[in-house]
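Peer 1: Assemble the whole structure, with the sequences as input and the hints as a guide.
Going line by line, the protein sequences match chains H and L.
Residues 0 to 313 (numbering that gives the first Met the number 0) are what the first sequence spells out, left to right.
Residues 0 to 317 (numbering that gives the first Met the number 0) are what the second sequence spells out, left to right.
Simulated from the structure, these hints should not be mistaken for laboratory data.
The model shown is predicted, which means the values in this text are computed figures rather than measured ones.
Hints may be right or wrong, so weigh each one.
Stated by the list, open to error - The calculated lysine-lysine pairs, modelled on DSSO-like cross-linking and capped at a C-alpha distance of 27 Å, are:
#  : chain 1 : residue 1 : chain 2 : residue 2
1  : L       : K144      : H       : K16
2  : H       : K21       : L       : K107
3  : L       : K135      : H       : K285
4  : H       : K37       : H       : K198
5  : L       : K196      : H       : K16
6  : L       : K265      : H       : K285
7  : L       : K196      : H       : K247
8  : H       : K68       : H       : K297
9  : L       : K144      : H       : K285
10 : H       : K197      : L       : K265
As the list claims (entries may be wrong) - Listed below are several chain H residues computed to face chain L (Cβ distance under 7 Å; list not exhaustive):
#  : residue
11 : S47
12 : Q96
13 : A186
14 : S211
15 : Y215
Even for Gly, the Cβ is constructed at its ideal location relative to N, Cα and C.
The primary structure of each chain is shown beneath.
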Amino acid sequence: MIELVRGENLSKSYNIKLSLTKSIKVKAVEDVSLSIIKNEVFGLVGESGSGKSTLGRLMLYMERPDSGKIIFKGLDLSKAKGEEVRTARRKMQVVFQNPDLSLDPRMRIYDTLKEALECCKYKGDFKERMKTVMEDVGLSVDALSMFPHQLSGGMKQRVALARAILAEPEFIVLDEPTSALDVSVQAQILNLLIELRKKLNLTYLFISHNLSVVSYVSDRVGVMYLGKLLEIGECDEVFNEPLHPYTKLLISSVPTLYMAKKFFAQNHSGVAENGDENVSGCRFFKRCPYAKDICKSKEPELKGDKHMVACHFA
Amino acid sequence: MHQNNVVAEVKNLKVYYDMGDRTIRAVDGIDFTIREGDCFAIVGESGSGKSTLGLSLIRLCPGKVSGEIIVDGVDLMKLSDEEIRKFRCSKISIIFQEPSSALNPVMKIGEQLMEVFTVHGYSKSEAYERSVKLLKTVGIPEAEKRMQSYPHQLSGGMKQRVIIAMAIALNPRLVIADEPTSALDVTIQAQILNLLKNLTKSYGLSTILITHDMGVAAEICNRIGIMYAGKMVEVGELESIFSNPMHPYTRALMTCIPRGLKGLLKPLPGHVPDLSNPPEGCRFHPRCPYAKDVCKKEEPKPLHLDDRLVLCHRVGEI
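Peer 2: The following block contains the structure:
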């Protein structure tokens, strides 16, 4: 097991202006450490506002952490020089949720890909490379001369994926890559992602709020809640034997076709609230059916060997 | 509960959008009935016409609508604009997907709720009392205080609760919920689905739930209709459809959903056809693994098998 990317004690907060004089600090990610192994798919789940996208961007070093460091293949990106960072980042790519926003509507697919090749200082023949990549993602070469609006949602997401693999990356962050798609197209894209990973030896950080999608593609999975990782483990273990009450709540909330629910609805009340400065204990305290006094006063650490969990009573 | 009382009946409903040079046939000849206490799910991909169907049922659809929509014995298509306005909310109401765009951002929650009552002839004080009661029914804590809140001060789940309160305010017979939980997180979605389920029971409501998520349908519905390219291709009891899907599209939809099993999903090739120029014959034939010559030429006729309706030439053969 070779480690590819590691985030150490990452924190990131944003100032949100409420009015001219008032602003609040939202801690999007707080003291999170995460190590991603070469060739694995690491799934990141959580509700909206849990900080999973921010963590994804931090892992790519797209967003500079307030504190903590990112180590990509042994190189500490926060200490590295500009050129070193740029070289390393060519090996890290990202695919966003909505291809309508991530593709320039006024550029033909050819130009979009060309721009990406120029940015990564590709030395070989551009056209050859584009042809291979288009084949890889299952698009015909004719699509190169089209504009994004001439393509369907699934095809646009394939283009976004093509752009990401152009530079022969090793690590790709997939930020909700199928949320904007219909189920039938979603299945096509998920299968494509699995194929590409085998073929091109990729490592994914797969961010999604959809638990069934994550469990389908991931080897390991992490559960986020209000800026913290609450549970990390092998995908099967986390979904079949969740240790954290929040993970249990999440899993029991997913509507299923097969009505065979393992964890019956427990406490379905409450919402995640961010921006509460005075939280000293466990973040899930207010919604947790098992909460005791210690949960209010002391924040649990992420403990364990392979299956890690941050809960006083797990 | 009177299982057999028919609350709504839709006959040969067609909705066409005139785009100048072409006509989009978003809903093309749909029949179904809703019985009292039913929760009927309409499931389909985007572009299958399910939202258009929902809007046309309450006569809010901008397209050309033809056919019959009979709710509580009244044909909505024959009502004047003034009559339908009274009918809405009191007999039939709708819940939209995005609660933040369904609520007026510059009006207090209370005012918006009270409006439902005052428009239908209640006095202000009575409207206030009923509104507070409603907010409590839909599980909003500190209802009196919330009456004074603006929409932006509430969370997404709370806003959707307010919308639900409005929809059930006048105790309608039929509520149409158009993707009521798609904008919400899973844990909140579970709360809202539970609420809808309980209200359906305690108010004796009948519900039409429009969704793209089979799981959501499975959670609260007892009957389900699968839509594809403007047609209802399969209708039946939830359990029987899930245990024995007959239409190839229903089958395909179900194998597309990841459910924790390893091994590749079987995706459905292609995408929903352009509704201004749908394929001849069965609309699903270009994507159907079982298509034969007859499927390309003739449109399948509805086939009734027990409580099931299927639109496929090859039922029984596949």
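Peer 1: All hints are to be evaluated individually against the structure, with a verdict given for each.
Peer 2: Hints and how they fare:
Between K144/L and K16/H the CA atoms are separated by roughly 25 Å; this keeps the pair inside 27 Å, and the hint holds. Distance check on the hinted pair: K21/H and K107/L sit about 23 Å apart at the alpha-carbon level, within 27 Å; holds. For the hint pairing K135/L with K285/H, the CA-to-CA distance comes to about 21 Å; that is within 27 Å, so the pair holds. Restraint check for K37/H and K198/H: the C-alpha separation of about 14 Å stays at or below 27 Å, so the hint holds.
Distance check on the hinted pair: K196/L and K16/H sit about 39 Å apart at the alpha-carbon level, beyond 27 Å; violated. About 41 Å separates the Cα atoms of K265/L and K285/H, which puts this hinted pair outside 27 Å; it is violated. For the hint pairing K196/L with K247/H, the CA-to-CA distance comes to about 22 Å; that is within 27 Å, so the pair holds. A C-alpha spacing of about 25 Å is found between K68/H and K297/H, which places the hinted pair at or below 27 Å, so the restraint holds.
For the hint pairing K144/L with K285/H, the CA-to-CA distance comes to about 22 Å; that is within 27 Å, so the pair holds. A distance of roughly 18 Å separates the Cα atoms of K197/H and K265/L; the hinted pair therefore holds under the 27 Å criterion. Satisfaction of the interface hint for S47/H is found here, the shortest Cβ-Cβ separation to chain L being roughly 6 Å, below the 7 Å cut-off. Because the smallest distance between the Cβ of Q96/H and any Cβ of chain L comes to about 14 Å, over 7 Å, the interface hint for this residue is violated.
Because the closest C-beta pair between A186/H and chain L is about 4 Å apart, less than 7 Å, the hint holds. Given hint, S211/H at the interface with chain L, holds; its Cβ is 5 Å from that chain's nearest Cβ, closer than 7 Å. Here the hint on Y215/H is kept, as its CB sits about 3 Å from the closest CB of chain L, short of 7 Å.
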